[in-house]
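Participant: Next come the chains, spelled out residue by residue.
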Amino acid sequence: MTSIKLYLRNLLHQGAVGLSIATAVLYTALPLLWMLSTSFKRRIDIVSSPVVWFPSSPTLQSYWLLFVEHPFLQYLLNSFLVAASVTFLSMVFGTLAGYALARTAFPRGVKRGLGFWILSQRMVPPVVLIIPLYLMFGHVNLLNTRTALVIGYTEFNLPFVVWMTRSYFSDLPRELEESALVDGDSKWGAFCRIALPLAKPGLIATAMFCFLLAWNELLFALIFTDTIQSNTLPIGIASLITQLEVDWSQICAAGSVASLPIIVLAFIVQKHIVRGLTFGAVKG
Amino acid sequence: MSALRLRAIRKNFGSTVAVDDVTLDVPDRKFLVLLGPSGCGKTTIMRLIAGLEKLTAGEIWIGDKCMNRELPRDRDVAMVFQSYALYPHMSVYENIEYPLRVRKMPFEQRRAAALDAARKVELEALLDRLPRELSGGQRQRVALARAIVRRPQVFLMDEPLSNLDARLRVKMRSELKHLHHMLGITTVYVTHDQSEALTLADQIAVMSHGRVMQLADPKTLYDRPANVFVAGFVGSLSMNFITGEFLDGSFRAAGINVPGIGIGTRKGVKLGIRPNHLGIVASRSEAHFSGELYSVEVTGEAAIATVRFGKELVSVIVARDYTGSIGQDVPLRITEDQVHFFDDETGERLSFT
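So the protein lines, in turn, are chains C and A.
Here our numbering is used: position 283 in the first sequence is 283, and no number is missing along the way.
Here our numbering is used: position 1 in the second sequence is 1, and no number is missing along the way.
Chain C extracted, bound-state conformation (with noise of 0.2 angstroms):
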């Protein structure tokens, strides 16, 4: 008797479980899929209602408009370029602060002055920083080019990169490090020997956020740059929004086209960015 009482408990459990992750499935998914499906949609069947998920006569016209009539080639190789860039330098200016800010011995003080102002930059709504930005950047005549977008950006995820890797490289036993200089290793080599690679599952979690918010970005974009040659992907999917019509079967394909990357690289480094979020919540 009570053993059927508790097998259709637990029944109970496993599918209020299933039906809470189904609902979170579908609820992250299915604007995904829905802008998948429409990238392939003739314009009859967009607007049709009701929403028809799988169209009849899949044609592949958006990307082909996309990749011939629009320069989407190239904003996506800026897109690249800028994310790529502005990912290797924040990594290595980043990681080299937040290891010296993980171990060198400043005044107690110093240290936490450093580290409030280093956060404080992010604190900043970025919004603020477009202005002066634009006004140097013209000085330099740095606008309309990548390397504006680069700056800025890096400039940006500097602070979290330098706070992120000094979590992880505080995390790691300073033994480990102090057990290679009496091993005869300098102190650069217990960096690159020892520190590095083992902090190496958050660096990479932590590049990736980057290489996202780089990705992703659209304000600054938009503010400091107004070329083919300088556009990335977010603006080329805002310029199909024009005054004459939205067209949504380019807006989806240009979609479809921004989140593959994205969402292979996801892929590829899954395994590091859980072990990298959880890293040092268990010394072991």
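Don't read these hints as lab results, they were simulated from the structure.
Check each hint, because a few of them may be wrong.
Unchecked claim - Listed next, with one range per pair, are the computed distances between beta-carbon atoms: (1) A:Gly324 / C:Arg9: 31 to 41 angstroms; (2) A:Gly14 / C:Gly18: 37 to 47 angstroms; (3) A:Asp128 / C:Asp171: 42 to 52 angstroms; (4) C:Ala22 / A:Pro88: 35 to 45 angstroms; (5) A:Asp128 / C:Ile268: 25 to 35 angstroms; (6) A:Gly14 / C:Val17: 31 to 41 angstroms; (7) C:Leu12 / A:Arg167: 42 to 52 angstroms.
If you're wondering where the values come from, they're calculated on a predicted model, not measured in any experiment.
Ideal Cβ placement from N, Cα and C applies to all residues, glycine included.
With chain C fixed as given, assemble chain A onto it according to the hints.
Facilitator: Using the frame of chain C, we list chain A on its own:
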């Protein structure tokens, strides 16, 4: 291989004095143990020798070279950390080989030396494993192999056995002793375990609050402790102390009279007697003092009886078949030639020889 000399070294952390004017000599090939309770500065001394901390004052010499300004890598010491500090992302082999690799030794030589070190600590079968796949004892061996792989001038070991279980600790202790005998490398070993110190050391420096309380070989330390601190710290059961005075050649205190062991007359004397030099006797006429039985603990080979004498608890080693009931009156006798006397105020040993 070289002698190690510490000359009046001092280390302050802010306003706390961690190491206070310590001067020590470790002759070439000798085994020195720094023994003391936690926080006495023994680990700091080790880190100073390794160059992981900067001296506040004093000099550290290894061989005929002053090491004060040398980087850790240039001091040619090897250190075994309490946590072993194995590199978690490297295999056992890579761990052992690391000190040679960073010193840019050629591959063939490196391989031979690493394998030789692994053989000395019986790790040949585990070379491809990662540290997390090893047991505590095996990790300990990897740390040892990594230390001996390059024949340093001085070995530093910071409580290397404290993370092992009791049985393994005794086993590794004898292996350490054997290894030291084989390699003959000057060694400084930090521990808070007096039995480890007594069994391993050529010389023991007992430390308290950053100072060396006594530097002696294990036998002297045990037989002639220089002060109350050393007397109480060394020995598996703490020494019993009774405060009293000398009166015409006898030691007297409330409820106790031990004739014929003191010299002259003197106030403020602390008598120290180890639990194995105290005995329970049959009658009060043979006894020097008596107390109320507080507890009896059987340890295996023997038993420890604790007796309340005045406000003090006195421990006595008795035969394991001793049957006394708690609360009963127990007559105790001191083995007269095994007593120690200390100045009650300074804690220093009183000697009359």
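Participant: Against each hint, give a clear statement of whether it holds in the structure.
Facilitator: Structure-based check of all given hints:
no.: 1; hint: A:Gly324 / C:Arg9: 31 to 41 angstroms; verdict: violated, 60 angstroms
no.: 2; hint: A:Gly14 / C:Gly18: 37 to 47 angstroms; verdict: violated, 58 angstroms
no.: 3; hint: A:Asp128 / C:Asp171: 42 to 52 angstroms; verdict: violated, 27 angstroms
no.: 4; hint: C:Ala22 / A:Pro88: 35 to 45 angstroms; verdict: holds, 39 angstroms
no.: 5; hint: A:Asp128 / C:Ile268: 25 to 35 angstroms; verdict: holds, 27 angstroms
no.: 6; hint: A:Gly14 / C:Val17: 31 to 41 angstroms; verdict: violated, 54 angstroms
no.: 7; hint: C:Leu12 / A:Arg167: 42 to 52 angstroms; verdict: holds, 51 angstroms
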